[in-house]
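Undergrad: One-letter residues, chain by chain:
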Amino acid sequence: MNEGGTDLPPEEQQMWTTWVRERAVGALPPEKLLPDRQPSYVSSWIYVFGVAALASLVVVIASGMILGLKGPSWWHITGIGRFFNGIHLWAVELFFFTMVVHLWGKFFMAAWRGGRGRTWVSGAVVFLVAIGAAFTGYLSQQNFDSQWIASEGKDGLNSVGIGSFFNVADFGQMYTFHVILLPLAVSALIVWHILLVRRSGVVPPYAARAVAAAKAGGEGPPP
Amino acid sequence: MELLIPVFGAVFDLSHEAHYVHWHFFQMSVPNVIVIVLMIAVFIVAILVPFPKRERTP
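First to last, the sequence lines map onto chains Y and A. Those letters in the first sequence? Residues 1 to 223, per this note's numbering, in order. Those letters in the second sequence? Residues 1 to 58, per this note's numbering, in order.
Possibly wrong hints are sitting among the right ones.
Said to hold, decoys possible - Here are the in silico distance ranges between beta carbons for each label pair:
1. VAL21(A) / PRO35(Y): 45 to 51 Å
2. THR18(Y) / VAL49(A): 45 to 51 Å
3. LYS154(Y) / VAL11(A): 50 to 56 Å
4. GLY68(Y) / ASN32(A): 24 to 30 Å
5. GLY163(Y) / PRO52(A): 27 to 33 Å
6. LEU54(Y) / VAL21(A): 31 to 37 Å
7. ARG21(Y) / VAL11(A): 56 to 62 Å
8. ASN32(A) / SER164(Y): 26 to 32 Å
Note that these hints are calculated values from the structure, not bench results. Here the structure is a predicted model, which is why all the values come from computation and not from measurement. We put the beta carbon where it would ideally sit given N, CA and C, even for glycine.
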């Protein structure tokens with residue numbers, strides 16, 4: 001029997017929408033999904049960099065949508081096109097910069113503690129998938145740089161046996177990966193990452209955990 | 001702003017191949033080295049600089 005669903009008629013308890021709703025609300029009740037207060041140790045610059053990475057991604061996607069609508073001749077030739085091309089590039093630079101600082105911080109905080117393994121892994125996988133998104137972006141530039149990267153990259157990918165279905169010299173395939181598949185993967189992983197943060201909470205620092213354990217054991221905080 | 005563009009262009013002239021740092025097996029362009037050093041510096045600052053506290057209202 002689903003939790004909280006006992007007062008529903010039997011036919012409604014068997015509906016998949018009921019099952020999904022109860023699982024979702026059970027895992028992430030509204031006060032947990034959108035909390036109005038956080039523990040004091042969340043006041044750290046490391047989380048500012050996580051949010052900055054998220055804000056950069058919004059700019060990356062918005063500028064990428066404009067570039068995709070206007071096309072290569074626009075982003076190479078016109079002044080406004082080159083401006084948006086620059087916005088897209090520098091937003092990506094900022095995205096990786098802030099994401100790496102956040103990643104380093106969480107590594108040294110051992111953010112996988114307390115059953116938060118999936119939160120850590122989802123963040124690390126976002127970093128890896130984003131590298132693929134950036135790589136296909138360089139291949140989608142439609143200039144000599146992208147041709148050079150493709151001619152160098154194909155040898156590396158052929159040597160590991162994936163060149164037949166991931167052809168870096170195929171603009172259409174790389175462009176599809178860059179504007180649809182990988183942005184969707186990065187966005188979905190980030191949504192999952194944030195929901196996991198909301199569900200498990202931010203990892204407490206080592207010292208705070210020791211104090212909490214001491215209090216739970218009926219003893220005073222350690223000196 | 002129009003007048004400043006040539007000045008910036010003279011200082012930050014990017015219209016040439018990047019210089020490379022090459023030491024044994026290690027080879028990396030100077031712009032990449034600068035970005036990585038900046039990331040490390042910003043990370044250290046983020047750890048050391050205290051986060052501003054908001055005063056609690058009763």
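Undergrad: So, for every hint listed, does it hold in this structure?
TA: A quick look at each hint next to the structure:
For the hinted restraint 45 to 51 Å between VAL21(A) and PRO35(Y), the CB-CB distance of approximately 46 Å keeps it satisfied. Checking the proposed 45 to 51 Å range against THR18(Y) and VAL49(A) shows it holds: the Cβ atoms sit about 49 Å from each other. The given range of 50 to 56 Å is broken by LYS154(Y) and VAL11(A), whose C-beta atoms sit roughly 37 Å from each other. Checked against the given bound of 24 to 30 Å, the beta carbons of GLY68(Y) and ASN32(A), roughly 27 Å apart, stay inside it.
GLY163(Y) and PRO52(A) have their C-beta atoms about 52 Å apart, which leaves the hinted 27 to 33 Å range violated. One distance hint, 31 to 37 Å for the beta-carbon pair LEU54(Y) and VAL21(A), holds here, with the actual separation near 32 Å. Evaluation of the 56 to 62 Å hint for ARG21(Y) and VAL11(A) yields a pass: the beta carbon distance comes to about 59 Å. Between ASN32(A) and SER164(Y) the C-beta distance comes to about 31 Å, which sits within the given range of 26 to 32 Å.
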